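Residue numbers (the working numbering), protein chains in the order written: chain A, 7 to 257; chain B, 108 to 522.
It should be emphasised that the hints constitute simulated quantities derived from the structure, not laboratory data.
Each hint should be verified, as a subset may be incorrect.
[Stated by the list, open to error] List of simulated lysine-lysine pairs, DSSO-like, C-alpha gap at most 27 Å:
{"no.": "1", "chain 1": "A", "residue 1": "K76", "chain 2": "A", "residue 2": "K202"}
{"no.": "2", "chain 1": "B", "residue 1": "K471", "chain 2": "A", "residue 2": "K13"}
{"no.": "3", "chain 1": "B", "residue 1": "K453", "chain 2": "B", "residue 2": "K128"}
{"no.": "4", "chain 1": "A", "residue 1": "K241", "chain 2": "B", "residue 2": "K312"}
{"no.": "5", "chain 1": "B", "residue 1": "K472", "chain 2": "B", "residue 2": "K453"}
{"no.": "6", "chain 1": "B", "residue 1": "K417", "chain 2": "A", "residue 2": "K241"}
{"no.": "7", "chain 1": "B", "residue 1": "K393", "chain 2": "B", "residue 2": "K312"}
{"no.": "8", "chain 1": "B", "residue 1": "K417", "chain 2": "B", "residue 2": "K128"}
{"no.": "9", "chain 1": "B", "residue 1": "K417", "chain 2": "B", "residue 2": "K465"}
Model, not experiment: these values are computed from the prediction.
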Amino acid sequence: MQIHIGKSIRMSDILDGKSLLFDTSIASCLGATPQLEDLQSILQTCANLFNGIIVNPGQIEHLSNELGGKNRAAPLIRIDWTNAYRNADFCISVTDVIRVEISQADDVMDLGGCAAVATLLMGFGDNFEAENIQSISRLIRQSYELSLPVFIDIRPIGPGVSEINFDESIKLGISFMMEAGADALIIPNCSIESLKLIGNWSTIPIIVRIEQLLEKSEVNNLFNIGIEGILFSEKILEYGQFQDNIKRLKN
Amino acid sequence: MYSTSGKTARMNRLFNPNDGKAVCVAADHGWMSDPTANVINLKNILGQVVAGGADGVLMSFGMAQRLGYMFQGKDKPAILIRADWMNLPRLGGANVSNVLPVINFRKMATSRARDALQMGASAITIYYFIGYSDKFEAINIEQAAVFAQECRKVGLPLIIEPMAVGGMVTGVNIAEILIASARIAAEIGADALKIPYTGDVMTFKQLVDQAKVPVLVLGGAKSDVPRDALELVDEALRAGASGTVFGRNVTKAKDPQKMVQDLCALVHGVKTIDEIFETSARRRVKLRADSINCVGCLVCQTVCAQWHNKTFGINGARLRIESKPVEMEPPLNKVSVCTLCEACVKACEPGAIVLNEKGYLELKKELCTHCGACAEACPHNVIWFDEDENPILCDMCGGDPQCVRWCKYDAILLK
């Protein structure tokens, strides 16, 4: 598939066919979750272990010295905020789920990001979905002019999604976002059958979001069925010495 | 580290590069609430704030236009522009303390980063309200993000002010909300925070540690006791705060200049809080009269009048000797001196009588209404008035009282 040379170069900083990525951006929604209090220290210990790390605009502005370069994770910048992840444990309750943009394509470029990351929240109703899709479409078109890759983070977590239609919701989101022009997709872990189908079907890189540490065999299984990357959420910080596990996966 | 050298330079204009700390005064209340005395008298108050040595002053775009001339010079405070407007102080249909109460909580962006740069500002400040409603919080986040992007482009620091307000905020969860909001604001793009104290050192340290940007603690509601306000700052500094933003506790203070001086001394580590109040109240000299030793020579009154008024005689002396004749005996003399009981300070409603930086009485003539309340309140009857009806106050000769120095009979002593 032909894409801009600029996009191609930036994508190659992040994805090499068996990429490991890390997402720290939850803090814009929940504040600092356990172990995520000192992001600078975390980056200093693990930036050389991952191909890419998702950060919020405010953090990359102050911590750009900790990322990028030949031997460290490329920065991917989350361009939206949502309260969708606040559950009953959070200090204030949520009545209306909302998503807003907190950065634009040109801002991501100014900040030195290698890609923009936007969220597709599924299952929150028709109007929400329509506005979400429109917003992503606009981002993709702006990013196209700047040769900035756009990664879409598909999150089927709304009340309209259940165990029954979970996998199908993911596939629906993949279909929409490929049509919209996304350059890579982040999807939740689902059934192995669905992952195989997705791996064969998708013409853009697929990255699977994982909430716990994996064994090397599990990681290899994913790469063997066409998944090009694994994104670890902030939850792996709760496992002490997670860096050792990641090192084993890379070797 | 900041994304541009512009941001670095402007942060250093506000936060002292030697210690990374700042004392700011918020003078933007007139932009959002009813015109109280500190709003009407803003120009005079700001003059005192500037003289007090504040590192920054927060004001509206309009006030920066009109009063910006007061901030010219390296030694003058940096200008911070309030870039949004909100109606929270007037919220509530039953809020009769305000002229026009409002029902709907609104917050609007009113200046851009470029506008602030035109005013020579070193930063802009915006609110981030959390706890009122999901929709309102999302609007706040979106506005903050737009400001953050513009500030990045023009190299202007962004100070976000998280405020926990609304039905979802309780005494139980407010600290947790403030801690979360501080980190959220930093993630969105704050270069510094202006935030209320969480109530204790431990939780505020959590907030500071998680924010990872300079945190300026708010001074809070007007306190009648200056020491209480400074103790809040002292606690916040111990928790890692980078300074403070005081509003009404400075602009409504009897002596805004002294309040700012005390804050600067505390924040920049020149004095501890005990030293500040000890200098004001304890290290100052006080007089004690021992009337039994008084022989009625009146040297004390003579030297007092000469020292202050350059006159010979006892008129205008700041102490009083009363003599009562006793048949066949030396007269009984009563020595009345100022004991710094501060009754006159408390009685002076316009705040014309204050304690200066050494802790001695000082008259601010421009505020004196010649009402005479000070003289009426003085338990020792040692206040009288000059030809312009200004009260004459004992100033302890600046710390070296001449009456003590010249009394040979130990009738007037240092306490």
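To see whether the hints hold, each was checked on the structure:
1. Restraint check for K76 (chain A) and K202 (chain A): the C-alpha separation of about 32 Å exceeds 27 Å, so the hint is violated.
2. The hinted pair formed by K471 (chain B) and K13 (chain A) fails the criterion: a straight-line CA distance of about 70 Å is larger than 27 Å.
3. Between K453 (chain B) and K128 (chain B) the CA atoms are separated by roughly 34 Å; this puts the pair beyond 27 Å, and the hint is violated.
4. Restraint check: the Cα-Cα separation between K241 (chain A) and K312 (chain B) comes to about 24 Å, which is no more than 27 Å; the hinted pair holds.
5. At most 27 Å may separate the alpha-carbon atoms for a hinted pair to count; K472 (chain B) and K453 (chain B) meet this at roughly 17 Å.
6. Restraint check for K417 (chain B) and K241 (chain A): the C-alpha separation of about 80 Å exceeds 27 Å, so the hint is violated.
7. Between the alpha carbons of K393 (chain B) and K312 (chain B) the distance comes to roughly 41 Å, so the proposed pair goes past 27 Å and is violated.
8. Restraint check for K417 (chain B) and K128 (chain B): the C-alpha separation of about 46 Å exceeds 27 Å, so the hint is violated.
9. Taking the CA atoms of K417 (chain B) and K465 (chain B), the gap is near 23 Å; set against the 27 Å cutoff, the hint holds.
Of the hints listed earlier, those the structure fails to meet are numbers 1, 2, 3, 6, 7 and 8, in rising order.
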